[in-house]
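Peer 1: First to last, the protein sequences are chains E and L.
Numbered per our numbering, the first sequence spans residues 1 to 332.
Numbered per our numbering, the second sequence spans residues 333 to 616.
Read the hints as simulated data drawn from the structure, not as lab findings.
A virtual CB, placed ideally from N, CA and C, is assigned to each residue, including glycine.
Honestly, I wouldn't trust all of these hints.
Claimed, not checked - Facing chain E, from chain L, some residues (calculated, C-beta under 10 Å):
hint	residue
1	375
2	505
3	508
4	511
5	516
6	529
7	532
8	536
What the hints assert, rightly or not - Examples of chain E residues lying across from chain L (beta carbon under 7 Å, computed):
hint	residue
9	57
10	81
11	85
12	99
13	102
14	105
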Amino acid sequence: MATLILNNVKKSFGMTEVIHGISINVADGEFIVIVGPSGCGKSTLLRMVAGLETVTSGDVQIGGRRVNDQEPMDRDIAMVFQNYALYPHMSVFDNMAYGLKIARTPRAEIEERVEQAARLLQLETYLQRKPRELSGGQRQRVAMGRAIVRKPAVFLFDEPLSNLDAKLRVQMRLEIKALQRELGVTALYVTHDQVEAMTMADRMIVMNGGMADQIGAPLEVYANPATEFVAGFIGSPPTNFLSTEIMGRSGDSRIGVRPEHTRLSDSGNLKARTVYAEALGAETLVHVRCADGTQVTVRQDAASTIPQEGAEVGLDWDPADEMKFDSSGRRC
Amino acid sequence: MAERNGMVERRGAGLWLTHLGLIVGIAFIFFPIWLAFVASTVEQQDIVRPPMPLLPGDQFFANYARALTSGVNAPVSTMLWNSLIMAVGIALGKIAISLLSAFAIVYFRFPGRRLFFWLIFLTLMLPVEVRIVPTYEVIANFGMLNSYQGLILPLIASATATFLFRQFFMTVPDELAEAARVDGARPMRFFFDILLPMSRTNIAALFVILFIYGWNQYLWPLLITTDPEMNTIVMGIKQMFPSGDDIADWPVIMATSLLAMVPPVLVVVGMQRLFIRGLVESEK
Numbered sequence: 001m002a003t004l005i006l007n008n009v010k011k012s013f014g015m016t017e018v019i020h021g022i023s024i025n026v027a028d029g030e031f032i033v034i035v036g037p038s039g040c041g042k043s044t045l046l047r048m049v050a051g052l053e054t055v056t057s058g059d060v061q062i063g064g065r066r067v068n069d070q071e072p073m074d075r076d077i078a079m080v081f082q083n084y085a086l087y088p089h090m091s092v093f094d095n096m097a098y099g100l101k102i103a104r105t106p107r108a109e110i111e112e113r114v115e116q117a118a119r120l121l122q123l124e125t126y127l128q129r130k131p132r133e134l135s136g137g138q139r140q141r142v143a144m145g146r147a148i149v150r151k152p153a154v155f156l157f158d159e160p161l162s163n164l165d166a167k168l169r170v171q172m173r174l175e176i177k178a179l180q181r182e183l184g185v186t187a188l189y190v191t192h193d194q195v196e197a198m199t200m201a202d203r204m205i206v207m208n209g210g211m212a213d214q215i216g217a218p219l220e221v222y223a224n225p226a227t228e229f230v231a232g233f234i235g236s237p238p239t240n241f242l243s244t245e246i247m248g249r250s251g252d253s254r255i256g257v258r259p260e261h262t263r264l265s266d267s268g269n270l271k272a273r274t275v276y277a278e279a280l281g282a283e284t285l286v287h288v289r290c291a292d293g294t295q296v297t298v299r300q301d302a303a304s305t306i307p308q309e310g311a312e313v314g315l316d317w318d319p320a321d322e323m324k325f326d327s328s329g330r331r332c
Numbered sequence: 333m334a335e336r337n338g339m340v341e342r343r344g345a346g347l348w349l350t351h352l353g354l355i356v357g358i359a360f361i362f363f364p365i366w367l368a369f370v371a372s373t374v375e376q377q378d379i380v381r382p383p384m385p386l387l388p389g390d391q392f393f394a395n396y397a398r399a400l401t402s403g404v405n406a407p408v409s410t411m412l413w414n415s416l417i418m419a420v421g422i423a424l425g426k427i428a429i430s431l432l433s434a435f436a437i438v439y440f441r442f443p444g445r446r447l448f449f450w451l452i453f454l455t456l457m458l459p460v461e462v463r464i465v466p467t468y469e470v471i472a473n474f475g476m477l478n479s480y481q482g483l484i485l486p487l488i489a490s491a492t493a494t495f496l497f498r499q500f501f502m503t504v505p506d507e508l509a510e511a512a513r514v515d516g517a518r519p520m521r522f523f524f525d526i527l528l529p530m531s532r533t534n535i536a537a538l539f540v541i542l543f544i545y546g547w548n549q550y551l552w553p554l555l556i557t558t559d560p561e562m563n564t565i566v567m568g569i570k571q572m573f574p575s576g577d578d579i580a581d582w583p584v585i586m587a588t589s590l591l592a593m594v595p596p597v598l599v600v601v602g603m604q605r606l607f608i609r610g611l612v613e614s615e616k
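Using the sequences provided together with the hints, build the complete structure.
Peer 2: In structure tokens form, the structure reads like this:
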């Protein structure tokens, strides 16, 4: 349990800078999700906190200690890897106990801690099995258990759910969050899935091209995206972007409107043609195309009438829901 | 299973022909061994007087006892023991060295890493025979002639095994090394706790191959062992052949040949399960 401070952290591989200076103060017990598309540097950032990558410049502080030059084991962290990284020849018990054994923890304490973690993760009956005899979800739990038994100050998760099927992912998402709450451990969680970010984070860092485009609580980021990238990345289906030209306004900016704020109405002054409607049960996504080819998605509830394919419709929204971005993608 | 039968179990004449082919092949290979066995159970006169017998005689115990205890130059038991030490020493030494060098090449970034890898790889192209004169010189200067060290050390570096372990280590996910690092394992700890147990099938497979390689060494022991007490079995057999007018003691020579085959066969049979697993399965 500790605070985590990143102070203008940068990373270069050779001459190429891949992380362009990221700063954040993470409070004790806070769950931070780093989210972004692949190649944005989110995993690199996490690995720098873990100590698996060196920090080119800037400071990483865990619990008030600068840890830039420390080995992972000395940083008081535990990491859950994407492919679980379980030792294939060791039993579940040995997998969880390995770090403690190296730290020369007394045998009795190791057993107690592993059993406690196993109880928490419902792995008690699997302790003598080998990883290959477990299902994906169970392996995931073992990886979690290995992190828990060390009682670290900070949990680091590197896309831990990406190898699970959709249903299990939802379930594990809740479990991880609940577990983190229960243990009160600071956590840094990397994912490319914005739903995971929205549902799990206390605060999230939205990364794009090695920069933190926005840091904030999920709903705040959702309601108030700082850049066009964030508006497009967070939220599903993504925000609709329209040029000012088609809106008949002046200026060189773009307008973003969330699909749920967009309405189909005959009085709407922006005309478009229906392309396709996706009925999802509780809601329907209507995809329309404007005169200049821009695709717009309208999210309406299932009770609303669905326009015929090819029919002309009008688009409308509350001006308060408009988000304006300048030519560099910043909010203005 | 039913669908697969078409390929595996051909019916009728084809089946018989395949079996016939296999049986003939086996007989072809087995016949000389059988002949050697027969020759090792009869008396000298039976062998030299044609036709040679095709059924075992009654001298089995006498001949084998004679071979084991006295032999021609040195007792076969001594030579077997020497060969065993040499073969085990070479196999274990090669495995230890190549494991460590593969570990260094795969997991550490040091200057000249690629150079060293290619240097090791290059030695693949230099069999013992090519470097035998300088090697002899070195061993002679170290005073290792007629010693186990002299038999083992020059043959202990193995590019093949290093290469094999390198390929295996490269298939081990990086995350595993990172997880061990987060768990606090230093490099050698990772090596012994994680990498070594994961390589055990490869090690077993390699042990079989290298044991036989060591066991069958002929030219090198022939060069550096002059003392009959240090003779190995494979070269020993050759030395049993008479030079000039001496009479060959064929029953003992044949008994020795068969005895020389026993340890490699035992190793192969004993480690067969692990051996095959090591060759076909890449456990991760």
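Peer 1: Going by Cβ atoms only, is residue 85(E) closer than 7 Å to chain L?
Peer 2: holds, 4 Å
Peer 1: Just to be careful: measuring from the Cβ of residue 516(L) to every Cβ in chain E, is the smallest value less than 10 Å?
Peer 2: holds, 3 Å
Peer 1: Given residue 536(L) as an interface hint, is its Cβ closer than 10 Å to any Cβ of chain E?
Peer 2: violated, 14 Å
Peer 1: With a cut-off of 10 Å on the beta carbons, see whether residue 505(L) makes it to chain E.
Peer 2: Status holds, d = 6 Å.
Peer 1: Quick check on residue 102(E) please, does its C-beta sit within 7 Å of some C-beta on chain L?
Peer 2: With a minimum Cβ separation of about 4 Å from chain L (threshold 7 Å), the hint on residue 102(E) holds.
Peer 1: Is the interface hint satisfied for residue 511(L)? The criterion is a beta-carbon contact with chain E at less than 10 Å.
Peer 2: holds, 4 Å
Peer 1: Would you settle whether the hint for residue 508(L) is holds or violated, based on the nearest Cβ-Cβ distance to chain E being less than 10 Å?
Peer 2: holds, 5 Å
Peer 1: Do the numbers back the hint for residue 532(L), that is, is its least Cβ distance to chain E under 10 Å?
Peer 2: For residue 532(L), the interface hint holds, since the closest Cβ of chain E sits about 8 Å away, which is under 10 Å.
Peer 1: Against chain L, with CB atoms and a cut of 7 Å, does the hint on residue 57(E) hold up?
Peer 2: violated, 21 Å
Peer 1: Tell me if residue 529(L) is really an interface residue toward chain E, meaning its C-beta lies closer than 10 Å to one of theirs.
Peer 2: Since chain E brings a Cβ to about 4 Å from residue 529(L), closer than 10 Å, the hint holds.
Peer 1: Closer than 7 Å between Cβ atoms is the bar; does residue 105(E) clear it against chain L? Give me holds or violated.
Peer 2: With a minimum Cβ separation of about 11 Å from chain L (threshold 7 Å), the hint on residue 105(E) is violated.
Peer 1: Does residue 375(L) meet its interface restraint, that is, does its C-beta lie within less than 10 Å of any C-beta in chain E?
Peer 2: violated, 56 Å
Consistency note: the structure conflicts with the earlier hints numbered 1, 8, 9 and 14.
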